[in-house]
Amino acid sequence: MQAFDYKFQKFEPLKSFKKAPELEVYVPGHRTCAGCGPALNYRLVAKAAGKETIFIGPTGCMYVANSSYLCTPYACSWIHAQITNGGAVASGIEAAFKVLARKGKHTGAFPNVIVMAGDGGTVDIGLQAMSAMMYRNHKVLFLCYDNESYANTGIQTSPTTPYGAATTFTPPGKEIPEGKVLFPKDPPQLVIGGHPAVKYVATTTVAHPLDLMNKVRKALTYEGPTFLHMLAPCPKGWLFDEKLTREMARLAVETGMWSMYEWEDGVYKYTNVPKKYKPVSEYMKHQGRFAHLKPEHIAKMQAFIDERVKAVKERVAIPIPTPKQTA
Amino acid sequence: MAKELPGYGTINVPKDREVPFGAVTPAPVCTQDLFQTSNWRMKRPVKEDEKCTRCLVCYMSCPDACWEYKEAEDEMYWIANFCKGCQICIQECPTGALTAAPELDFPDGVVRLEKPF
Numbered sequence: 001m002q003a004f005d006y007k008f009q010k011f012e013p014l015k016s017f018k019k020a021p022e023l024e025v026y027v028p029g030h031r032t033c034a035g036c037g038p039a040l041n042y043r044l045v046a047k048a049a050g051k052e053t054i055f056i057g058p059t060g061c062m063y064v065a066n067s068s069y070l071c072t073p074y075a076c077s078w079i080h081a082q083i084t085n086g087g088a089v090a091s092g093i094e095a096a097f098k099v100l101a102r103k104g105k106h107t108g109a110f111p112n113v114i115v116m117a118g119d120g121g122t123v124d125i126g127l128q129a130m131s132a133m134m135y136r137n138h139k140v141l142f143l144c145y146d147n148e149s150y151a152n153t154g155i156q157t158s159p160t161t162p163y164g165a166a167t168t169f170t171p172p173g174k175e176i177p178e179g180k181v182l183f184p185k186d187p188p189q190l191v192i193g194g195h196p197a198v199k200y201v202a203t204t205t206v207a208h209p210l211d212l213m214n215k216v217r218k219a220l221t222y223e224g225p226t227f228l229h230m231l232a233p234c235p236k237g238w239l240f241d242e243k244l245t246r247e248m249a250r251l252a253v254e255t256g257m258w259s260m261y262e263w264e265d266g267v268y269k270y271t272n273v274p275k276k277y278k279p280v281s282e283y284m285k286h287q288g289r290f291a292h293l294k295p296e297h298i299a300k301m302q303a304f305i306d307e308r309v310k311a312v313k314e315r316v317a318i319p320i321p322t323p324k325q326t327a
Numbered sequence: 001m002a003k004e005l006p007g008y009g010t011i012n013v014p015k016d017r018e019v020p021f022g023a024v025t026p027a028p029v030c031t032q033d034l035f036q037t038s039n040w041r042m043k044r045p046v047k048e049d050e051k052c053t054r055c056l057v058c059y060m061s062c063p064d065a066c067w068e069y070k071e072a073e074d075e076m077y078w079i080a081n082f083c084k085g086c087q088i089c090i091q092e093c094p095t096g097a098l099t100a101a102p103e104l105d106f107p108d109g110v111v112r113l114e115k116p117f
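Chains A and B supply the protein sequences, listed in that same order.
Be aware that the first sequence starts at 1, since it is given in my numbering, and climbs by one per residue.
Be aware that the second sequence starts at 1, since it is given in my numbering, and climbs by one per residue.
These are computed hints drawn from the structure, not numbers from a lab.
No experiment lies behind these values; they were computed from the predicted model shown.
What follows is a set of in silico ranges between Cβ atoms, one per label pair, in the way DEER data are often shown:
{"id": "1", "chain 1": "A", "residue 1": "Tyr222", "chain 2": "B", "residue 2": "Asp74", "range": "32 to 40 Å"}
{"id": "2", "chain 1": "B", "residue 1": "Met42", "chain 2": "A", "residue 2": "Glu282", "range": "22 to 30 Å"}
{"id": "3", "chain 1": "A", "residue 1": "Phe17", "chain 2": "B", "residue 2": "Ala27", "range": "25 to 33 Å"}
{"id": "4", "chain 1": "B", "residue 1": "Cys30", "chain 2": "A", "residue 2": "Phe17", "range": "18 to 26 Å"}
{"id": "5", "chain 1": "A", "residue 1": "Ser281", "chain 2": "B", "residue 2": "Ala23", "range": "48 to 56 Å"}
{"id": "6", "chain 1": "B", "residue 1": "Glu48", "chain 2": "A", "residue 2": "Ser68", "range": "32 to 40 Å"}
{"id": "7", "chain 1": "B", "residue 1": "Val13", "chain 2": "A", "residue 2": "Lys51", "range": "26 to 34 Å"}
Only pairs whose alpha carbons sit at most 35 Å apart, straight line, appear in this in silico DSBU-like list of lysine-lysine:
{"id": "8", "chain 1": "A", "residue 1": "Lys18", "chain 2": "B", "residue 2": "Lys70"}
{"id": "9", "chain 1": "B", "residue 1": "Lys51", "chain 2": "A", "residue 2": "Lys19"}
{"id": "10", "chain 1": "A", "residue 1": "Lys105", "chain 2": "A", "residue 2": "Lys51"}
{"id": "11", "chain 1": "A", "residue 1": "Lys185", "chain 2": "A", "residue 2": "Lys10"}
{"id": "12", "chain 1": "A", "residue 1": "Lys278", "chain 2": "B", "residue 2": "Lys47"}
From the three backbone atoms N, C-alpha and C, an ideal C-beta is built for every residue, glycine too.
Could you build the full structure based on these sequences and the hints that come with them?
Laid out in structure tokens, this is it:
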């Protein structure tokens with residue numbers, strides 16, 4: 001039996017900013033804070049994916065701040081899902097479009113189905129729906145914009161909040177001087193480790209727009225579930241100057257707090273690995289959420305990051321076969 | 001239509017802003033004009049065109065899509081209605097062509113909008 005042609009969209013990688021699609025799908029006129037990292041992330045993702053896209057917005061900043069007072073900035077299809085069921089709603093939409101295409105009732109190009117979930121909707125409350133969607137092998141891009149807290153309800157701690165951060169639920173005090181004592185989850189490794197249907201996982205930040213857009217476009221060409229994890233600094237939650245949004249994401253990569261890689265069917269490919277990592281205090285000193293930390297806490301964080309960076313170095317050290325040059 | 005609220009006086013909901021529960025609202029085309037954020041900003045970016053190299057970094061770093069490159073005129077345009085004044089573009093500009101200027105220095109600075117949001 002021949003496989004049915006669903007007319008999946010094709011995407012070429014972008015070479016430069018000038019080649020990026022001019023069409024704004026996430027248009028200006030929304031209620032996010034000035035200097036919002038997730039909003040910048042959303043804009044770039046929507047720009048890369050184009051108009052033939054259905055966004056699923058589980059509850060989070062990008063739902064609450066954008067779709068209120070009868071005006072939304074989405075120039076494409078968008079649906080709100082509860083914070084628990086972003087993956088489930090996306091599965092239903094994708095399955096329905098496949099049936100409609102097979103019955104000949106939907107003849108156009110197959111829309112991109114993208115779940116824009118926050119870190120809570122991905123690895124905390126929404127974990128089961130995301131995991132089930134990946135297990136059932138739907139053609140859905142699950143995208144986690146990680147601002148490392150539940151920001152729209154007032155900066156509560158989430159599983160990706162780093163050690164030592166002060167949030168509403170983890171205030172530093174006499175008993176617990178470091179604020180948050182737990183170390184964060186690693187969402188991409190969670191997806192890679194337990195979901196055999198997923199063939200493409202990548203991480204990126206808002207400070208690398210071209211890389212971000214290319215990873216989105218690459219993920220959308222896969223016929224199965226894909227996962228992207230993006231760092232989107234939050235000026236309000238992390239308490240830094242709003243103009244440093246991109247600078248924070250860049251520093252996270254330079255200090256090893258964030259590593260940028262893509263994982264394709266078992267092969268890791270790291271990019272932007274610095275020759276020498278900066279100390280994590282460089283990253284922490286700009287942020288008010290780490291202002292209360294004492295040197296011993298920063299040392300503990302540094303030890304945790306050193307351990308994580310070691311894994312990066314081991315994976316990078318595997319030599320890539322290159323064709324020999326003949327003189 | 002004015003509604004009586006106990007202890008709060010009255011609020012006026014304009015007729016064109018009233019919708020039933022579960023209403024469908026039109027999707028925006030280029031900009032969401034119902035939600036202008038120009039009165040949020042305290043500083044605005046001012047461009048020095050001689051220094052600008054059209055590298056489009058400001059265009060790619062604006063969360064509100066307030067920089068636009070017009071290919072025909074080969075110039076960067078700033079969209080004043082939506083700039084929230086976060087100054088990311090000023091911070092990121094590689095040639096220093098953008099500077100922050102206080103909003104009150106401009107005759108059209110800090111315009112109160114007709115609609116509350």
